[in-house]
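Position chain B against the provided structure of chain A, taking the given hints into account.
From first to last, the protein sequence lines are chains A and B.
Numbered by the working numbering, the letters in the first sequence go through residues 1 to 383 in order.
Numbered by the working numbering, the letters in the second sequence go through residues 1 to 320 in order.
Rather than coming from a laboratory, the hints here were simulated on the basis of the structure.
Built from N, CA and C at the ideal position, the CB exists for glycine as well.
A portion of the hints provided could be inaccurate.
Unchecked claim - Here are the in silico distance ranges between beta carbons for each label pair:
1. Leu107/A with Val42/B: 30 to 36 Å
2. Phe80/B with His218/A: 33 to 39 Å
3. Phe80/B with His126/A: 53 to 59 Å
4. Val258/B with Ser34/A: 51 to 57 Å
5. Leu208/B with Val118/A: 44 to 50 Å
6. Pro281/B with Leu66/A: 45 to 51 Å
Stated by the list, open to error - Computed footprint of chain A on chain B, listed as stretches where at least three residues anywhere in the stretch have a Cβ under 8 Å from a Cβ of chain A:
7. 94-104
8. 182-191
Okay, here's what each chain looks like letter by letter:
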Amino acid sequence: MTVQHASPAPDTAKRPHSGGPPPRSDRLRLRGWSRADVAELAGALLGSFALTWLVYEELTTLSGGLGFVVCWFFAFLVTYWAMARNRLGAGAAGDRLAAATVASVGLLLVVGLVAMLVYVVAKGYHALRPQFFTKDQYGVSPLAKPTAGGGLAAIVGSVEQVGLATVISLPLGIATAVFLTEVRGRIGRPVRLLTDAMSGIPSVLAGLFIFALLILSHVLPQSGFAVSLALTISMLPTITRTSEVVLRVVPGDLREASYALGGSEWRTVRRILLPTARNGLITAAILGVARVVGEAAPGIIDAGSSPKVNWNPFKGPQENLPLMIYEDIKSSVPADNIRAWTAALVLVFLVLVLFVAARAIARRRPGGTRRPVFRFLDRKGPS
Amino acid sequence: MAGTGSKLIDFEVRRPRQDVIFRATARVAGAMTLALMAVIFVALLVRSYRALHLVGIGKFLTTQQWVPEAGKFGVGSLLFNTVMIGVVALVIAVPVSLCAALLISEYSPPAVSSALKTLVELLAAMPSVVFGYWGLEYLTPRIRPLSQWLANHLAFLPIFKVTSSSFAGSTFIAGIVVALMVSPVLTAVAQEVFFQAPSGQREAALALGGTKWGMIRKVVLPFGRGGIVGGTMLAFGRAVGETVAVVVVISATATRQVHILQSGANSISAWIAETWGESNPIGISALMAAGLTLFLLTLIVNAAASVIVNRTAKAGGPSL
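Isolated chain A (complex conformation):
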C-alpha cells in the first residue's frame, strides 16, 4: 500500500509553467493523467505490440487474428506493470495493473456491443427502400430481389400490438406504482416481490400463458390482440418499477402541503403526485414499449405470421417486426435472409429513437399540467 507522494510541492499546480524543466510534482493524484502516465501507457502499448509482433508473427509459425490480440493484451499488461513498478513501486504497480485490466475488459464489452449495432446497420441499409414502410410481402416471389415488397404487415402489427399492450398496462402499472408508494399495507411487500419476479418471466412463457388461458379455451382466436395481452405481461413490471421510482422522488413537502390544505389522498395523488411525476411516467411508458417491441416469442405462439397486411388485431394472423425477422432468418430463401437484416435495422432504430425520447423527456423539468394531452388533469375535481 504505497502512494506516490513525498516531497512537499510548493503549490506548483497553481502557477503556469514558465519555461525551464517542468516542476516535479509528487502530490497525490486521485484523478487525471500526468504526462509521465500517458507516456508510460503509450510506451507499454507500442512496446508490447512490437514484442508480440516479433514473437508471434516472425519467430513462431502462428499468425493473425484473435490469438495475436490476446497475446498483445497480456504482453501489454506485463509491460505496463513492470514500467509502473520501476517508477512508482510495487503497490502502485498493482494498482495500475488492476486499472488497466478493468478498463480494457469493460471497454471490450461496450465496444463489442456497439460493434454489433454497427454490423446491423452495415448489413441492413443495402436493401432498405422507402417502400419497406408502404408495401407488404404478399405475392412477392421467392426469386425476387431483397428490395421487393416491404415490411408494412410487420410494422402495422407491431404498432397495433404494442399500442394495445400500452393502453392496457400503462394505467394498471401506474396504479400499482401508486399503490406501492402511497397505500402499501399488508400486501405491499408481496406485490413488490412478485413485480420483480414477474419482470423475469420470459416472454415465451407469457405467450404460452395467453395460449393456455384464452386461446385453448376459445375465448380468443390466435390474433394480434392475444399477442398484446402477452406483451402486457412483459411490459407491466417495467412500467410499475419505473413509475414507482419516479413517484418516490416526488418531494414529501408537496404531499404534506396538499394534506395540510385539506386535500384528500385521491386529490393529492391526482393533482400533485401524478402531474409532478408526469415526465417520469411518460419515460416509464416509453421504456415499457422499448422493452417489448423486440419480443418475437409471443408472436410465434399467439398469432403466427402472415405476409399480408392485417389491419384487424382481433382476427387472423398478424405479423410484427421481430416475428418477421425471425421468420426471415429461418427462411431458406436468400432474399428473405437479407430482408431480416433490413427489418432488424428498422427495429434497432426504433428502439434507439424510443430510448432517446425516454431520456430526453426524463430530463425535462417537472412542470404544470398545461400540455394538451394531460389537460384532463387540470379539470376541476368532482367537488
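Chain B alone, transformed into the frame defined by chain A:
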C-alpha cells in the same frame, strides 16, 4: 390547486368516500399482480395436466427424449441443456460485466461515466432476435478457431471434448450470445450498488494510504457483494429464459449435450418456440409442462435475486 375556503369544508365531507374508492382501486391494481402470477401458474398447470398425468412428474423431469406421440417425453435433457447455456453465459458475463461496472463507477470521469451508463441501458433494451442473428451470421464463423483451439488444448476436460468436427450451433456460441445479452443488465445492477458504496469509507481507505484498487477491494466490492450476487441471479434468470436468440443460433438437439463446444444445444424456451408449429394436442400439453418447469425455475431465481438486491440496497453494506 384552486382550493377556497368553502371547498375545504366540502373536501372534508367528501374525503372518506373519495379516498375509500381510491384506496380500493389502488389495492385492486396491486392485487392484480398477485392474481396474475397465480393465474399464470394455474393456467400452465391445468394445461400441462394431461401430459404430466400421462408420464408422471418424476418421469417427466428425468426422461431425456421428446416424442409426445409415443408418450415418451420429459425435460431431463432440456433442463440440463438450459442450465448449461445459462452457466456458460454467466462464466463469461460476470467478470466482464463487473469490469464494465467498475469502469463506470470508479475509473471514468463523470461525463464519460454517465455516457457509458446510458449506453449500457440502451444496449439492455436491444431486441434479442437481433443478437441471435448477429450471433449466427457474424460470431459463428469467427468463433470457430477459438472453439477449435479449446478443443485441441483442453480436451482433457470432458466439457471441452468434441466427438464431431462441427462447432456451429453449440452451447458455447449460444452461451456467448446470451452472455452479451445479459451483460448490460448485470452491469447496470452492479454499477448501481457500486455507486452506493459510502464515500466516507472510500475516503477513509484512501486517507489511510490505500491505492485505488485497494480501496475497491476493501470497500466497494464487499459493499456491493449482495448486488453482485443478486444481479448474477437476475442475469441467470434472463439467460435461461432467453428464447429467440437461442433458437436462431443453435442447432437444436433433443439429447443431453455435455460437450459445450460441439454442434447441438438446446433450452426449454428455445424448444417451445422451435416445435410449437408442429405440435398436436398432447405435444402442446407437453410443451406447457416444459413451460411450467421453466416458470418455476425463473420465478425462484428471480424472487431470490430481488430479495438479495433489495436487502443490500437497504442494509448499507458492512461496517468498517
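Checked hints:
Separation of Leu107/A from Val42/B is about 47 Å and departs from the stated range, judged on CB atoms against 30 to 36 Å. A beta carbon spacing of about 36 Å between Phe80/B and His218/A agrees with the range 33 to 39 Å that was offered as a hint. Checked against the hint of 53 to 59 Å, the pair Phe80/B and His126/A fails, with Cβ atoms roughly 41 Å apart. Here the CB-CB span from Val258/B to Ser34/A is close to 53 Å, well matched to the stated 51 to 57 Å.
Checked against the hint of 44 to 50 Å, the pair Leu208/B and Val118/A passes, with Cβ atoms roughly 45 Å apart. Judged by the Cβ atoms, the range 45 to 51 Å given for Pro281/B and Leu66/A holds: they are separated by roughly 49 Å. Figure legend: the region 94-104 of chain B, annotated as covered by chain A; annotation consistent (9 residues with Cβ-Cβ distances under 8 Å, at least 3 required). Counting residues of the region 182-191 of chain B whose beta carbon lies closer than 8 Å to any beta carbon of chain A gives 3, which meets the minimum of three for the stated coverage.
The structure does not agree with the numbered hints 1, 3 stated previously, though it agrees with the rest.
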